[in-house]
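Novice: The lines below spell out each chain.
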Amino acid sequence: MTPVLEARHLTRHFGAIRAVDDVSFALAPGELLALIGPNGAGKSTCFNMAMGQLAPSSGQVLLEGRDITGWPARRIWRAGVGRTFQITATYASMRVIENVQMACLSHHRRTFSLIPRAHRLYRDEAMALLETVGMGAQAERHAAILAYGDLKRLELAMALAHAPRLLLMDEPTAGMAPGERAALMELVAGIVAERGTAVLFTEHDMDVVFGHAQRIMVMNRGQIIADGTPQAIRGDARVREVYLGGGAITAGRGADG
Amino acid sequence: MGLILAQLLTGLANAGALFMVASGLSLIFGVTRIVNFAHGSFYMLGAYVGWSAMQVLPGALGFWGAILVAGVIVGLVGAAVEMLILRRVYAAPELFQLVATFGVILVVQDLALMIWGPTDLLGPRAPGLTGVVRVMGEPVPQYDLALIAITPGVALALWYLIAKTRVGILVRAATQDREMVGALGVNQSWLFTGTFFLGCALAGLGGALQLPKGGADLLMDFTILAQVFVVVVIGGMGSLPGALIASVLISVINVFGVAYLPQSTLVLTYVVMVAVLIWWPFGLLGRAEVAGELGQVGAPEEPVRPAGWPVRAGVAAALVLLATLPAWGGGFALVLATDILIFCLFAASLHFLLGQGGLVSFGHAAFYGGGAYVAALLVRHADTPMELALILAPLGAGLGALIVGWVALRASGVYFAMLTLAFAQLLWSLVYQWGDVTGGDDGIVGIWPADWASGGAAFFWLTLVLCVGGILVLRHAAHAPFGYALRASRDAPLRAEATGLDTRRIRLVAFAFAGAMAGLAGGLFTFSKGSVFPNELEIARSFDALIVVFLGGVKTLSGGWVGGGVFKSAEDLLTRFDYWRLALGLLIIAVVIAAPEGIVGTLKRLARRQGGEDR
Amino acid sequence: MPRALFPTLAAAVLASLPAAAQEGEPIKIGEINHFTRMPAFAEPYRRGIEMAVEEINEAGGVLGRPLEFVFRDDQGEPGEAIKIAEELMRREGTVMITGSILSNVGLAISSLAARREFVYLASEPLADALTWGQGNAWTFRLRPSTYMQAAMLAEAAAGTDAVTYATIAPNYAYGKDAVAAFKEVLTELKPDVEFVAEQWPPLFDIDAGAEVQALERAKPDAIYNVTFGTDLAKFVREGETRGLFEDRQVYGLLSGEPEYLEPLGAEAPEGWVVTGYPWYDFEDGAGAEFVSAYEARWDETPKNGSNVGYATALSVAAAIETAGSTESAAIREAFEGLTVAVPAGEITYREIDNQATHGAWVGTTALRDGGGVMVDWTYEDGADCLPSDERVRELRPAD
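The listed protein sequences derive, respectively, from chains A, B and C.
The numbering used here runs 3 ahead of the 1-based position in the first sequence.
The numbering used here runs 286 ahead of the 1-based position in the second sequence.
The numbering used here runs 787 ahead of the 1-based position in the third sequence.
This is chain A alone, in the form it adopts within the complex:
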């Protein structure tokens, strides 16, 4: 079966530094894959290249077999990829539901429309998405005053607006309380199970990673040093080397940031 996402020999330099160095991997439909590694390992760079925010120095990104290298972010989104950001990005001047409606408007290609009032469009669709992420009760609130965890969930609702086949989540639970983290990841796992969406996410919280990921890739210094099931990764000596200089990967707090 064609992988949803495939990276082939992705490389990215920043000056003399190779932030990402010849990285290849593939992601199957419906798979929940975690990308972990210490700070500066190249996770976000990888992410941004996959999502079109950053052009790779060399290598290719394939989406369902199609070469999407160098595509702008909006085109990749249209091709069926949703994403959330490490630092949440939502529309602060709008209500919660309007944020999601905006994503729906974009999906239905209505952004240049001048005739109807936007707040009446796709309300049900947006509401359903908000219900999915458990934000239904806050639909009419002003996005600028939401708690951080709620913003993360709002972002997720926006990312799901066009029923993506692939979801990229950059540290989805950063800044959330432990209880919220588990809830969010269960939500994501549910979406994977229900819709068959593939998810690639980076994360620092090892509880989240080992509790929810089906597969884990470990990056260090721009390269993938391990790739396997949580059990396999837990036992990998090189991974232990990277994390805490050989100590066991303990649940709980990883390096944050």
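Derived by calculation from the structure, the hints in this document are not laboratory data.
Where hints are given, some of them may not hold.
[Claimed, not checked] Label-pair ranges, simulated between beta-carbon atoms:
(1) 1005/C to 343/B: 37 to 43 Å
(2) 1177/C to 669/B: 24 to 30 Å
(3) 744/B to 853/C: 36 to 42 Å
(4) 366/B to 43/A: 22 to 28 Å
(5) 240/A to 791/B: 48 to 54 Å
Cβ atoms here follow ideal geometry from the backbone N, Cα and C, with glycine treated the same way.
Please build the complex by placing chains B and C on the supplied structure of chain A, with the hints as guidance.
Specialist: Just chains B and C now, kept in the frame of chain A:
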């Protein structure tokens, strides 16, 4: 050969005063992020104060002493302006401070008139430097050589101050990252005051230093401002070496332009500016704008919502009242109302860009004046009927905006603003100097409405329908998907792109849309006045619109036209008095301090508080 | 101390009632000028008007009613001037409009005047278009036009040996008109002249050093200068410093007017042939009487604008008196061919193009008591400096 060398020296000498004023502006912007519109006024003050000091202080020592005195006094005035006015509005939305500096321009103009009188003052010659030196046979004034020597001295002193002293380290740190300076435990307000002192002192020095080459007059504030903007933009906002390179570049190009393209010196300057900015949107040595730098500062904007029925009823009643104006108002009331309506549409179009798109344009007059000229040129050269001209004016302006926006939107924030200014000035200089087609300064006259609309009431109704219609369309656009997309592109461009929005195209369409609306206002203006002149394309016209948008309230839906209406009415009343500029300037400053959210924003806040107490 | 120039706020806000003129009520004239933009020019002009109005009213007024000028500031903006003109016509109840110095404002008001069939006396603006290209039946002009003054200088130039000329003029309509007229008349009088350089500095933004170098490069026999105000001061200083004016005849349009000569002080150029207003050497006659009355009234010396302002008010009074009514059509008819005695002598508003025959003084600049003056001057009657009637009809398509 000798001539070319002599011309080069003239250019270098001219660069001196320009560099001092430009470096001051650049420094202030770098540290405080304030675009100081009043910088030309400080230059003018420097010239006047220097002139007065030279009358008192004798001899060569007195001459140079007077220049220093001018610098210090103007620096102190600048520091006072910062402490008394600007310090109170740092928390306001970004760029709001420029409204306060615009108020300062008006105040200084009238104060200078009161103190020094209307007559131009001829600058004294520099004692001991009145002759010429022969360079390869060509005469070069001694004072030019002195300027050529002084400028690098000032530049070096500035460089030393910034590169080698603790103060300079703070200034550099603040230019790079303002929060960090606060984190370092530095008293930010003193740093800002000090920067203003230094920046304004440089402007004052520049004004005093050019005295032997000219003098002091009441128009020099705006004259230098246009040039200084050119220099700072070409060099890069906030970059002192950039200011030096650009002032030399512009001065030298200008000298050769005078010799070889004497008809088109203005156009040449702006063509150079646009060309530089197309290749380097941030100027030669400028720093790319940090994303979000000019975004939303202060309290987040309230979500837009359709007006409630009391507001709708109120607006409807006001419109009925306005529509019946011909029945109860006099002939002049119609003329005045027509003027105000046109200006309201112009302001509302800029407000749409600023409020919905976060796009600050310093050159919106290009589309207003552009629309006015499209209409006038069509009538003059193609005998176009008024109705068609009024359709083509917005189309032409919108098309122009599409072209300008296509280039200018490569940059963002204040660089975008400066690019729009550059294009507006380019258009202005073209219209001004291409007299065969545009009539140049003599404008195009005799462009009157069609017969059916020529009565005072008929044309008023036409204006009412088109302007109110335009304002309603702009307002509706804010509620339509397009308005949402525009705000989305402003609030979180990364998110917008990552959810399929083409933010650049959205901004471009918004820019063209606002340009078209401004063009409609311009077309109406032409027919209401029967004529059009390059004044409608001037910087001052762009500033007018910008000021009223900020005064009305950026983060509201009605700020544009409300600000426009209030400002035009106040101007109509105040200009009947002596020293009205002083009064208007103080009024603007008072509004800035008392109502940093603008008139509508403050009224809304008061209404909310009132409502809260009632409950 | 600033005096209240403009009507009170209350009067301005009052509902607009067309003030029907009644016996004893003042006859109002609307005067629009650039009081804030160009105070150095507009204020002496206003004082000239005020003095004339005082004299007229002491002598019994016009049609037995007092004359009153309503002064309004247009900031030098044509659009603003149009608005004010509408207000003066529709609300203030003024019977005609005067004013403006800038040509573009004058042209804008002129166009409105024709549209509203309201008389406009363009007292100071110089554009030839006002009476010719864009001329209309409702606009009259008092001051000698650009063409007339340029022709005066061209006549003086034609009498010299100079063959190559360089010109320097501000790069806008007035400057272009002034150069074109000078060239036209001089070439007609002396076909072998050659124009070797034309410099066009932007108005009030001259790069004097560069302009002087460019003129010097052309090595002309003579120079024709149209720059004024701060541009002139900078040009003169750079030119003197760099020796541009040595052994060259310079012709300066308007350069002899006190408005431009006085700010130059002791650095005023010597030996330029200029048009201007040498009030200091008037010995007798109406001109001298006006000067001493003006000095007594205002405790300052008159400018050219003072003289024009005074003549403006006299012309307006004479026109209304002749018309015998304050109806626009009657005033307009009265202006056609109207002859008025003003300090410069008798002037006539020509029927053919509505241009007054007010002349200008042509002389040579010199230094006296640390200031520039005109010497060896003569008064050139405006009637002698205009093209043939046939040519005027060509130039004025509207009639």
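Novice: A separate judgement is required for each hint: does it hold in the structure or not?
Specialist: Going down the list of hints, with the structure as the test:
1. Distance hint check: the CB atoms of residue 1005/C and residue 343/B are about 41 Å apart, consistent with the given range 37 to 43 Å.
2. For the pair residue 1177/C and residue 669/B, the supplied restraint of 24 to 30 Å holds, since their beta-carbon distance comes to about 29 Å.
3. Between residue 744/B and residue 853/C the beta carbons are some 37 Å apart, a value that agrees with the proposed interval 36 to 42 Å.
4. Distance hint check: the CB atoms of residue 366/B and residue 43/A are about 49 Å apart, inconsistent with the given range 22 to 28 Å.
5. The supplied range of 48 to 54 Å is met by residue 240/A and residue 791/B, whose beta-carbon atoms lie about 52 Å from each other.
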